[in-house]
Amino acid sequence: MAVQAAGQTIVEDGAGGMTRAVNRMVGGIVSYARWPDGSSATTRVMCLVGTPRLSDRMTPDVPGPGSVAVRRMNAAAVTPDCDILFLGRMPVADRRQLIAWVRGRPVLTITDDDAACIYGAMFCLNNKAGSLSFSVNIDAIGRGPLRIDPRVLRIGGGGGGV
Amino acid sequence: MTGRNPIPPIERIGARTTLQKLLSRFHFGITLFAVALSGLTILLAGVTALRGYADRNMELAAQLGAYGVEPALVFNDAQAAREGLEPLTRIPGIARLRVLNDVGRPLTQWTSPAADPAPLLTRIFFARPFAVTVRRNGSVIGTIEVWGDSSTLIDYVRIGLLAGLGCLLITAFGTIFLARRFEYELVKPLNEIATVAHDVRLHRRFDKRVQSLGIAELDRLGGDINALLDELQGWQGHMESERAMLAHRASHDTLTAMPNRDAFDEQLSLRIQSAGDRGGRFALLFIDADNFKAANDNFGHAAGDAVLVALSARIKETLRKGDFAARIGGDEFIVIIDPLDGETRAEELANRIRTSVAEPVLLPGGETYRAAVSVGVALFPDNGSDATALLTAADAAMYADKMTNRSR
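Line by line, the protein sequences give chains H and Z.
Counting along the first sequence from 1, when you hit position 28 you're at 28 in my numbering, and nothing is skipped either side.
Residues are numbered in my numbering as their position in the second sequence, beginning at 1, plus a constant of 162.
One should not assume that every hint holds.
[To be verified] Have a look at the derived ranges for each label pair, beta carbon to beta carbon: (1) Z:Arg267 <-> H:Pro65: 16 to 26 Å; (2) Z:Asp317 <-> H:Ser67: 46 to 56 Å; (3) H:Ser67 <-> Z:Pro275: 39 to 49 Å; (4) H:Thr42 <-> Z:Ala277: 44 to 54 Å; (5) H:Thr42 <-> Z:Asp264: 18 to 28 Å.
[Unchecked claim] According to the in silico footprint, chain Z covers these stretches of chain H (three or more CB under 8 Å from chain Z): (6) 63 to 75; (7) 142 to 155.
Hint data in this document are derived by calculation from the structure and do not stem from the laboratory.
Please read all numbers here as calculations on a predicted model, not as lab measurements.
All C-beta atoms in this analysis are idealised placements derived from N, C-alpha and C, irrespective of residue type, glycine included.
So that you can see chain Z by itself, here it is in the shape it has in the complex (with noise of 0.2 Å):
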C-alpha cells in the first residue's frame, strides 16, 4: 500500500440524451399530467352531475308515467296501464318499469328490449328503483317504480374518453411545438457555445468567438468564454512568436542574418534532392574572404565586423529569386544558384559577386576598406551528386581561386 487514494475514474453515462429531447420528454410529462387530472377532474364531475340528472329523469318519467297509469289503476285496466307507460318506453336510461296497485300486486311491467352496456356501473349508480306513489284524489291507488340503467352514462364516459384521446394529441403536438420552440431559444445558443469551444480545440481557432446570446446565463458563460478564449489568445501568439524567433535564431548567423550552416546544410539536401527529382543543374559557390584576418588585426573586430556585414549585403544584392546564401564560417559563404539554366553561366555569377565586393566598405573608424574575395564554384551534377561531394569540389575550386589571386 502506497497510502495514495488513487483518483476514481469518472463514470460516463452511457447513452446519452440532447437537451431538446430533454425538453420534450419534460414537456410531455407536465402537459400529460395537466390533461389528465384536468380530464379526471371533468369526468367525475361530468359523472356526478349526469348522475343527478339521470336520476331526475327518471323521477320526471316516473312522474309521467303515474299521471300515465292513474285511470288504468281507477279501472284496474292492464291494458291500459302498458298504454299509460308506453311514453316512458321511449325515454333512454330506463331499463325497467312496473306499475303495482294498491295492494302491491303488479298490474303491468316492462323491460328495456336493449341490453345494459354495462351492469356492473347500473349496479352501482342505479341499484334501487324510483317509485312514484299513484294517487286519486288523495288516496294511493297504486304505485309506479323505474329502474335506470347505464346506457347514457356509458355514452358520457365514452365521448369523455375521446375527447380525452383528442386532448392527449394535441397535447402530443403541442410538446412538440414547445420542444422546437425551446430547441430555438435554449439549444442554439448551447450549441453555438459548443461549437466555438469545439473549433478552439480540435481547429486550434483562437480567434473564434461566441456571439452575443439572448439568455442572460448564456451569455454571461458565453462571455467568460470569450474572455479565456481572449487571454489563450494572448498565449498563443506570444508562444508562436517566440517559437519563431528561437527558430530563427537555430538557423541564422546573428551577425549577417544570413542563413547559418545548420540552415545551408538542410537547404543543399532539399536542391540536391529537388534537383535530382527534376533532373536539373545548379551551382555552388564557396565564397572566402582574401586577407581578412590581417583586416581584422588592422582595424580591430568592429572593423572586421562591419566587413562581414557589408560582405554579407553584397552577396544578397547579387543573388536573384530562388537562390540561396549563407554565412558557414568566419569569413565564408556559400551561394547556391538554382536552377541553373543554359544562359546563365557561374563563372559569370562568381565575377559578378566579385566586382560587387571591390566596391569599398567604409569602416566605423572613417577608413575605407577594399575587401576581396576567392571564388569556387562546383556544378551538381557535374562535379558531384551529394553535399560532401560537391562541397568538396567548391572548396578545392575556391583555393584554387586563391591561389591564383595570391600569385597575382
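Chain H on its own, in the form it takes in the complex (with noise of 0.2 Å):
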C-alpha cells in the first residue's frame, strides 16, 4: 500500500484556527478532485459519517467558484447522491463496509481518523504538533474514477516525489 508523507499547513493560533485550517484544506481537496460527470462549479454533497476529530464545523472553505453541502448521516445511510464521503470515528466495520461501497464510484473518501493513512481513505488529515497536514493514499485514487490533480499528489507526498 503507497501511502505518501504528508505536507504541512500552517495553522492559525486561536479558537477558530484549527476549524478554519480543516475547512480549507478539505475545500482545497474538493477543488483539485476532478468527478466524471461535471465541472468544479458545481456544488458537491458531502456525508458526514462519524464523529470528526479536528473539528466539529465542518463548511468546506473551497476557493473559487463551486461549493460544499455537508450532510451528516450514519453509515447506513450513505446513498449515491453522496460525491465526498468524510469519515470521522467511528466504528471499524462501519468503516471497511463504506470503503467497499466506494470502490468502482465517483466518491472522494477523506478522513480525519487515520494518521497512517492505511485503512483506504483517499486523504487522511492528520494533525501534527500545531500544524494540519495530509497524507494521500494512492492505491485508494487509483481504484477509482474519480481524477485528482497530481500537484496535490505531490504535496501529499511532502517531498516523496521529487
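Two chains, two frames, some hints: make the complex.
Structural data, given as C-alpha cells:
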C-alpha cells in the first residue's frame, strides 16, 4: 500500500484556527478533484459519517466557484448522492463497509481518524505538533474513477515525488 | 628693399610614408569602421532581442511557477511552495523568486546563490520583477514574482565582443592582403616609372623606356615620360655628335684630317710619360717637304694642297698600329714610332717614308709631281727625355738631312 507522507499547512493560533485550517484543506482537496460527470462549479455533497476529530464545524471552503454542502448521516444511510465521504471516528466494521462501497464509484473519501492513512481513505488529515497536514493514499485513488490533480498528490507526498 | 619677393623654399615633409603604407592604413581604417559599425549594430540588435527573450523567459518562468505553486497557495503550504518553485531555480537568468498569498504576505522566497555578474545591467534591464497572479477557478489566491539578472545578457555580450575581436583579427589580415594586392597593382607600376626616371637622371640612360602599364592613368603618365625621353635622347645624341665634331675640329687639321699641333703635343707628353714609366724607347720623326714652296708657286695652291694630302696619306700608309702621325705646320709632319723594339731601326723607317713619298703625285691640273722630304730622327730617351729636347733634336736632324739633300 503506497501511502504518501504529508504536506504541512500553517494553522493560525486562536480558537477557530484549526477549524479554518481543516475547512480550507478539505475545500482545497475538493477543488483538485475531478468527478467524471461535470465541472468544478457545481455544489458537491459531502456526507459526514462518524465524529470528526479535528473540527466539529465542517464547512469546507472551496477556492473559486463551487461549494460543498455538508450532510451528517450514519453509515447505513450513505447513498450514491454523496460526492464526498468524510469519515470521522466510527466503528471499524462501518469504515470497512463504507470503503468497500466506495470502490468503483466517483466518491472522494477523506478521513481525520487515520494518521497512517492505511485504512483505504484517499486523503487522511493529520494534526501534528500544532500544524495540519494531509497524506494521500495513491492506491485508494487509483481504484476509483475520480481524478486528482497530480500537484496535490505531490504535496501530499511531502517531497516524496522530488 | 629691392621690391622682389623671394620665392619661399618648398617645405619638405620630414617623415615620408610609402604609398603601400598609406593604402594599408586607409584600408584598415575603412574596414575597422565597417566592422565596428556592423558589430555595434548587431550587438545592440542582439541585446534588444535578447532582452525580449529574457522578458519572455521570465514571463514563462512566472507562469510555470504560478502553476507549480497553485496548490501550495490553496493549502497555504510553504514547503510545497518551495517545491513548486524548484524547477524555476534551475532556469538561468533568474535572480530572485517570491510567492505572495492572497493577502500579499510572502509564503516563500528564493534568491539565486550565484552573484549577479553586472548589477548595473540588471538595474537597467530588469528593474522590476515580473508578477503573475495565481488563480484558482477564477479567484485570486496569490502572486508570484520573478526578478531577472544580467547573466544571459553578459554571456551574449561576452560572446559578441569575442566575435568582434575575431572579426578585427580577420580584418587586419584582410587589410594586409589587400595592401599587398594594391602594392602589386598600383605601387609596382609607379615604382617602374620612378626607376626609369631615376636611371635617366643618375646614369644618363636615355635609352630606358617605361613598359606598358595596366592602369590607364599610369600608362598615360608612362607614355608621356617615354615621349619626353625620346626628345631628351634626340637632344642628347645631337649634343654628343656636335661635341665630338668640335673636339675633332680642335685637334685635327682640316685639310689632311691628320691630328694637329695641339693633339701632337698632348700625344707626345702621353708617350713620354708611358715610355718613361715602362722604361721603353720610341722614335720621333720630323718630316719636312723639300721645295714645297716652289711646287706651290709653280702649280698653284690647289696643287700644293693636293701634294699635302698625298704626303699625309703616304705617311699614314707607312705607320704601324700604335704609331702616331700629325701635321704640325704648313709642310711639316711628325711621326711617333712607338714602341721602338730592338729590330726596328728608326733610320729604316725614315727611308721607308722617303721611298713612299717619292712615288709621283697626280695633281689636279693633270701634271705629276715627285715630292721629296727631309726626315730627322730623334730617339727617346737617347736624344732627349722631354718634349722640347726631343723636338729640338729631331728638328736639328731634319735640318742636317735637308742640307745633305741640297748638296746632292
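Exercise for the section: Hint says 18 to 28 Å; check whether the CB-CB distance for threonine 42 of chain H and aspartate 264 of chain Z agrees. Expected result: holds, 23 Å
Exercise for the section: State, for the Cβ atoms of threonine 42 of chain H and alanine 277 of chain Z, whether the hinted interval 44 to 54 Å holds or is violated. Expected result: holds, 52 Å
Handout entry: Assessment of proposed distance window 46 to 56 Å (beta carbons of aspartate 317 of chain Z, serine 67 of chain H)
Key = With Cβ atoms ~51 Å apart, the hint holds.
Practice task
Check whether three or more residues of the segment 142 to 155 of chain H sit with their beta carbon closer than 8 Å to a beta carbon of chain Z.
Solution key: Holds: 5 residues of the segment 142 to 155 of chain H have a Cβ under 8 Å from chain Z.
Exercise for the section: For serine 67 of chain H and proline 275 of chain Z, compare the CB-CB distance with the range 39 to 49 Å and indicate the outcome. Expected result: Holds: the Cβ-Cβ distance is about 44 Å, inside 39 to 49 Å.
Problem - Pairwise beta carbon distance, arginine 267 of chain Z to proline 65 of chain H, judged against the given window 16 to 26 Å - result: holds, 24 Å
Problem - Coverage of the segment 63 to 75 of chain H by chain Z (three or more Cβ within 8 Å) - result: Per the Cβ count (4), the hint holds.
Figure legend: structure checked against the earlier numbered hints; every hint is met.
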